[in-house]
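Chains as they are written, first to last, in the working numbering: chain A, 20 to 120; chain B, 20 to 120.
Simulated from the structure, these hints should not be mistaken for lab results. Remember, it's a predicted structure, so these values are computed and weren't measured experimentally. Worth double-checking, as some hints may not be accurate.
[Stated by the list, open to error] Pair ranges (Cβ atoms, derived):
| # | chain 1 | residue 1 | chain 2 | residue 2 | range |
| --- | --- | --- | --- | --- | --- |
| 1 | B | GLU69 | A | ARG52 | 22 to 32 Å |
| 2 | A | PRO93 | B | ALA107 | 18 to 28 Å |
| 3 | B | MET20 | A | PRO36 | 12 to 22 Å |
| 4 | A | ASP87 | B | ALA100 | 30 to 40 Å |
| 5 | A | GLY33 | B | ARG109 | 35 to 45 Å |
Where a beta carbon is used, it is the ideal one built from N, C-alpha and C, also for glycine.
Number of protein chains: 2
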Amino acid sequence: MALRHIALFRWTDGVTPDQVEAVVDGLSRLPSRIPELRDYTFGSDLGVSEGTYDFAVVADLADEKALDVYRDHPDHQEVLALIRPLLADRASAQIRITDPG
Amino acid sequence: MALRHIALFRWTDGVTPDQVEAVVDGLSRLPSRIPELRDYTFGSDLGVSEGTYDFAVVADLADEKALDVYRDHPDHQEVLALIRPLLADRASAQIRITDPG
Chain A
20 MALRHIALFR WTDGVTPDQV EAVVDGLSRL PSRIPELRDY TFGSDLGVSE
70 GTYDFAVVAD LADEKALDVY RDHPDHQEVL ALIRPLLADR ASAQIRITDP
120 G
Chain B
20 MALRHIALFR WTDGVTPDQV EAVVDGLSRL PSRIPELRDY TFGSDLGVSE
70 GTYDFAVVAD LADEKALDVY RDHPDHQEVL ALIRPLLADR ASAQIRITDP
120 G
């Protein structure tokens, strides 16, 4: 049984498309640098529902140990340093998922 | 490009394991009843991080039209009727994901 880490971000007022693009660029580099990431999806909210958060990240990992590696990885920390100043709110959870096929 | 719908729930004080189990049972029935659900994962937070929400649902769907079908489906509405009275907070987002290979 693998683990799915989910994080939703709400940006502060005044966050620019360029700042979000820098976050996207930073996150895009992580799968090639953190082999523990089995699946990694992220992006801006599509704006199809009311009251949604602005951005989501979903990381599938083998187990809690792999989650720790992802969390503490310097390349991840570098992107978090970009994200933190933009955050008005953050919501997260980790759930168990079935291993793929 | 498909769509990933993410919802995080925080339960009110006093929600019992039996109530959560009823939610899990209800959600478990949805994939066989709503063919629009390409992938459907959900469950209680594992308790491995601070400040997390209590429960997460991730639904992968073909597009916005499929999301509407899922949302409005009577079997889904039936589970939502179980969930709503238990909710202290809810966080959600929809992001674009790549279609599976």
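Range hint compliance [Cβ, A/GLY33 to B/ARG109, 35 to 45 Å]: violated, 26 Å
Distance restraint evaluation - B/GLU69, A/ARG52, Cβ atoms, bounds 22 to 32 Å: At roughly 25 Å between Cβ atoms, A/ARG52 and B/GLU69 fall inside 22 to 32 Å, so the hint holds.
Whether the CB-CB distance between B/MET20 and A/PRO36 falls inside 12 to 22 Å: Holds, at about 19 Å.
Hint check for B/ALA107 and A/PRO93 - Cβ pair distance inside 18 to 28 Å: Between A/PRO93 and B/ALA107, where Cβ atoms are some 36 Å apart, the hint is violated.
Outcome of range test on Cβ distance (A/ASP87, B/ALA100; 30 to 40 Å): Holds - the Cβ-Cβ distance for A/ASP87 and B/ALA100, about 38 Å, lies within 30 to 40 Å.
In summary, the numbered hints that this structure violates are 2, 5.
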